[in-house]
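Got two chains here, separate frames each, mind docking them using the hints?
So you can see what is in the structure, the chains are spelled out below.
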Amino acid sequence: MFKFTKEEKIVLIFLLGCLFIGLAGFYYKKVNPPVGPAIEFNKKKAESLKKININEAGWSDLVELDRIGPVLAERIIDYRAKYGPFEKKESLKNVKGIGDKTYEKIKGRITLE
Amino acid sequence: MRNFHLLFIAIVFICGILAAAYSVFAFLSTTFLFCVAIALFAFLVLYRKKDVPFLIFLCILVFLAGSIRYNIFNRIDKPNIKNFLPFLRDEVLLYGKVASDPEESPAGKKENFVLEAASAGDGSRNYRTSGFVFVNVYDKNSRGFKYGDMVTLRGILRQPFSYRSKQNFDYRKYLENKRIYSTFNVKQGSFSEKVGEDEGFVTRGIRGLYSIRERLERHINEYLKAPYDAMLTAILIGKRKGIPGGLKELFAKTGTLHILAISGLHVGIIYFALRVILKILGLPRGVAAVLTVVFLMCFAVLTGARASILRAATMFSILAFGEILKRKTGSFNLLGLSGLIILMINPNQVFNTGFILSYMALLSILGISPLFYRIFRLGNNASGKNDTVGKRIRRYLLRPISVSLAIFVGLTPLSAYYFGLITPVVILANLAVIPLLFLVMASGILFVSLGFLSRFLALAFSQSAEIFLVGLVKSVEFLEKVPFAYFKVKPPTIPALLAYYGVVFAIVAASYIYAMGERDI
Numbered sequence: 001m002f003k004f005t006k007e008e009k010i011v012l013i014f015l016l017g018c019l020f021i022g023l024a025g026f027y028y029k030k031v032n033p034p035v036g037p038a039i040e041f042n043k044k045k046a047e048s049l050k051k052i053n054i055n056e057a058g059w060s061d062l063v064e065l066d067r068i069g070p071v072l073a074e075r076i077i078d079y080r081a082k083y084g085p086f087e088k089k090e091s092l093k094n095v096k097g098i099g100d101k102t103y104e105k106i107k108g109r110i111t112l113e
Numbered sequence: 001m002r003n004f005h006l007l008f009i010a011i012v013f014i015c016g017i018l019a020a021a022y023s024v025f026a027f028l029s030t031t032f033l034f035c036v037a038i039a040l041f042a043f044l045v046l047y048r049k050k051d052v053p054f055l056i057f058l059c060i061l062v063f064l065a066g067s068i069r070y071n072i073f074n075r076i077d078k079p080n081i082k083n084f085l086p087f088l089r090d091e092v093l094l095y096g097k098v099a100s101d102p103e104e105s106p107a108g109k110k111e112n113f114v115l116e117a118a119s120a121g122d123g124s125r126n127y128r129t130s131g132f133v134f135v136n137v138y139d140k141n142s143r144g145f146k147y148g149d150m151v152t153l154r155g156i157l158r159q160p161f162s163y164r165s166k167q168n169f170d171y172r173k174y175l176e177n178k179r180i181y182s183t184f185n186v187k188q189g190s191f192s193e194k195v196g197e198d199e200g201f202v203t204r205g206i207r208g209l210y211s212i213r214e215r216l217e218r219h220i221n222e223y224l225k226a227p228y229d230a231m232l233t234a235i236l237i238g239k240r241k242g243i244p245g246g247l248k249e250l251f252a253k254t255g256t257l258h259i260l261a262i263s264g265l266h267v268g269i270i271y272f273a274l275r276v277i278l279k280i281l282g283l284p285r286g287v288a289a290v291l292t293v294v295f296l297m298c299f300a301v302l303t304g305a306r307a308s309i310l311r312a313a314t315m316f317s318i319l320a321f322g323e324i325l326k327r328k329t330g331s332f333n334l335l336g337l338s339g340l341i342i343l344m345i346n347p348n349q350v351f352n353t354g355f356i357l358s359y360m361a362l363l364s365i366l367g368i369s370p371l372f373y374r375i376f377r378l379g380n381n382a383s384g385k386n387d388t389v390g391k392r393i394r395r396y397l398l399r400p401i402s403v404s405l406a407i408f409v410g411l412t413p414l415s416a417y418y419f420g421l422i423t424p425v426v427i428l429a430n431l432a433v434i435p436l437l438f439l440v441m442a443s444g445i446l447f448v449s450l451g452f453l454s455r456f457l458a459l460a461f462s463q464s465a466e467i468f469l470v471g472l473v474k475s476v477e478f479l480e481k482v483p484f485a486y487f488k489v490k491p492p493t494i495p496a497l498l499a500y501y502g503v504v505f506a507i508v509a510a511s512y513i514y515a516m517g518e519r520d521i
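Protein sequence lines correspond, in order, to chains U and F. Number 70 in this note's numbering belongs to position 70 of the first sequence; there are no gaps in the numbering. Number 418 in this note's numbering belongs to position 418 of the second sequence; there are no gaps in the numbering.
One chain only, chain F, in its complex shape (with noise of 0.2 Å):
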């Protein structure tokens, strides 16, 4: 049991943030809760020595922890521009520092990016303002920032547009999340100017991360053809613009669609390369777990951060500091310590799609894959001496296909509620894609870092690349063509959802029970 402590003290940390979102609390001020947590704090201290009191007074004291953490988060403080909308008609300057790598739209319409507004005018009045906007730049004189620049802007400033499309998404919802309540568009004919930069240390090491992976973006659109210059692009710096609809919606129908997103899977394999480089080149064990630390974080932030990549990272990273401590961690006290340092940065995380995904797929395949090893009788020991051939192989084949079982159990509930699609065909379409996965991503890792110093080198590792890409394509676009490769359904209600991981979890907990006993005896 004591790999769950972690686990279970993140899952009431997110009880307290979703009490706190869904308002349970909102007849009690921030303040109050502060004062209930200093008192409860006392108690902890007091029964520290008995152990169920503890437990109790920890729990309460972690959910309020997670409750006041969302409040602050999500405060919106007077000079937030928010307020200022009644008084903000018609067209506004707006002032601030751009937040966020700005995009430019499929078609090329428009650019956007989030502000941080520092202040806002309409002419005959400043206003010394805070808070994100969202900013769409139509105008295409006004393009060209980048992150961190100080701008001034001219447009109109309004509320999101709040709709909810079949797939439960709401947009105006989906910004509020991200903390921003406010839209501004810079029409054709406005005008826009950079006044400046931030010249903050990590504003510049962001913006110096974000020109790296321009120049990979371009190193790869020079070498690889459309579309796999795309998806190359895709695959190892996160950026899926360029990718046509239709290839983006054959992998959604088969389930493949987290091989075109950054997520720990591929984190995992840069993992695992960066450990084997750093070990050939004879790096003190301190030396190497700190680079992999940086590297990561470095990585996630160039990739733009998302949850799955921020997930993976810190679960990467605390495995790393775990190694110079020369302690072990079990593997959901890790999924529950890197969960609690996201939900601390941002709670808001907890209603992010990529986070609860990519959450549910670890924990589908740390918590429900070994009832499949144990139903196919493999046994958690990896391939012993004395194994035949034809037990070897068949626990070659049956590991991965457990794991596919688990995560199609785990993630089916979600994929119907967010996507409207069940695709049964991901359990055999997972054990096609990853190893070419694989493959793509060590001729693309070998490509962008060896093929500076060559062109032939370029060249060589750019052409393998794109041969497993083009094998990637020609798996997937069969495996669509299966029977029953997808269904499209109605999305299930939230009880419906509850009510399935109820019996998935009973059956996984009774399994647990049950081989614990095995082992008793």
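Next comes chain U alone, as it looks inside the complex (with noise of 0.2 Å):
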């Protein structure tokens, strides 16, 4: 039913060949990928990133989470020396002035770790 010439058998052969040396160097190019250092972000952007931790973070660090102003970074500190460390992140909403809106601001940025 599907018979192939002399010649159309060579190309076959050919191409299959090829096509198989060039899969396995994909493969190789896959499983051995390049290795190399990471993209070093700008200090300011990645320093914008890292989290704080309510537990242990002074006034300074405190201020730098969105909508935290000195008033607020001060009641965070009052609360924790009066009541002991946070054991929940959204215990950070008793704090006065701390509400649902901003705590889903700063929720990402803030650890007790």
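The hints are simulated quantities; they were obtained by calculation from the structure and are not laboratory data. For clarity, every value in this text was computed on a predicted model and none was experimentally measured. It is possible that part of the hints are untrue.
30 Å max Cα-Cα, derived BS3-like pairs, lysine-lysine [to be verified]:
1. 225(F) <-> 51(U)
2. 225(F) <-> 49(F)
3. 51(U) <-> 78(F)
4. 107(U) <-> 49(F)
5. 194(F) <-> 146(F)
6. 140(F) <-> 187(F)
7. 107(U) <-> 474(F)
8. 109(F) <-> 50(F)
9. 49(F) <-> 50(U)
Here it is as structure tokens:
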């Protein structure tokens, strides 16, 4: 039914050989990806992502958070002194002046560890 | 039977891809498959003089090639950003190259593009990464990037949501087929920064094509009013943003949505227009063929390299090369070879709706329409010199109806599966819409090519394009009102689809064998 002439067979063998050699090359590159250092981000931008430990951070670290100004930073420190370390991130909402909106804004930047 | 060799090889290759995709060989490593392939290749060479063993080894090798290609293409290497999802929670910095033309959502709420990630960091650690990320930019100040820009973005990395629509569309699977395993949202108030550009030759070429596309879009918007500007933009350069949803639905209900999406039909019109122009210019055949291929490939990239355009562009390119070599090729072989080339580059295309519909449409035209020619007793020849007027009119009317019927038979189950629609009116709709499309494209091509030289020419051709577009919309509006124009249906199951196509194939094959028998007599 599917008969190939002699020339067609030679071409098919050649093409298949090239195909498998190419696939082997691709496979080797995939299994051994180039190794190198990661790009260093701009220091300021990288620091803007650092998580702030709300149980240890001082006033100068707390004011770096969005919507946390000097007054709120003081209130957080006072709350910690009075009631002890925060057990959950959500406990920050117990601080006067920190509501749902402010919490939503900063929850990605805070940690308890 | 020589007309089916390459189509047969393409089908075997597809079976190999599907076997790998559905994890038939999950227990065998790719390295092992390579070893088996080497052994089989030795047998192929040893048995090259014997037809049956050669064919068997060839089939197994092509099948293995499909599986291996799929495995390699979809292999998630160690630095792939998908592997860093558990470590990169909350906001992170991402650096990479913009790997697609950014598009704004219809409501303008966000802009999205694909990013080829090179580095990611959470403030304390940076990771060298690879792979693609789908970026949604909600922040208005973070938009305006172009293809090839090297950017730093700040946002949240997530796995894509997995949901399945009624029409069998799975968003996460759709992105995975494009090798995108994560999304990145740049929220309002966040930041982004362009830090450079990829200076590679290919990137600069693609960026150049995209800027040509932008210029063409502005030119069209300047001369045509809505929604005809959006329609012409969709028909000529493949951008469908701006076409009202109601209009798209109208075309969908009459089965003519393919008119608004650049497909083989559009590429075919452009190919023949090019041939005419190059012939008039008197260029040597070889030069004309090379220019045709280069133009078609650039056009494919400019219009977004969709499956249907790639199919048509590769087929016409192969046809052009055939002209240089003075070799003819059968239509099925042409279809098979173009499928092989596309799947070799991107085996995931086999799951692409556009790819499936495009190839099924052409297979239907090539395979099923001769059956209808025989039913209508049209014969295979163009109109003979001695035909009566009545016979010629009958031939000119029934030929396109045969093609339309063939497409209806071939695509209806897929239309039901993907869109939940059956559109019987498409049989008549294509007869009205395709000649109008030709007129729209002719005026549109003249408008965009000559319109830059003279304002008068731009006005003249833009107005004629708009008139033909009005005609197109009015025809489709009329057809939508025809009784039983379309039906909404529940998508069929895969076994039902396979059974249907099995029956169609059996009828077509029987018809071919009968026709060959008649010829021998």
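Each hint tested on the structure:
Taken as a hint, the residue 225(F) and residue 51(U) pair is broken in the structure, with Cα atoms around 52 Å apart against an allowance of 30 Å. Under the criterion of a C-alpha separation no larger than 30 Å, the hint pairing residue 225(F) with residue 49(F) is inconsistent with the structure, at around 66 Å. Restraint check for residue 51(U) and residue 78(F): satisfied, since their Cα atoms lie roughly 26 Å apart, inside the 30 Å limit. Restraint check for residue 107(U) and residue 49(F): the C-alpha separation of about 72 Å exceeds 30 Å, so the hint is violated.
Straight-line distance between C-alpha atoms of residue 194(F) and residue 146(F) comes to about 10 Å, which keeps the hinted pair within the 30 Å bound. Annotation: proposed proximity of residue 140(F) to residue 187(F) holds, straight-line Cα distance about 9 Å (limit 30 Å). Taking the CA atoms of residue 107(U) and residue 474(F), the gap is near 55 Å; set against the 30 Å cutoff, the hint is violated. Of the pairs offered as hints, the one joining residue 109(F) and residue 50(F) is violated, with about 64 Å between alpha carbons and a cut-off of 30 Å exceeded.
Simply put, residue 49(F) and residue 50(U) have alpha-carbon atoms about 69 Å apart, too far for the 30 Å limit, and the pair is violated.
Hints 1, 2, 4, 7, 8 and 9, counting from the list given before, are not met by this structure.
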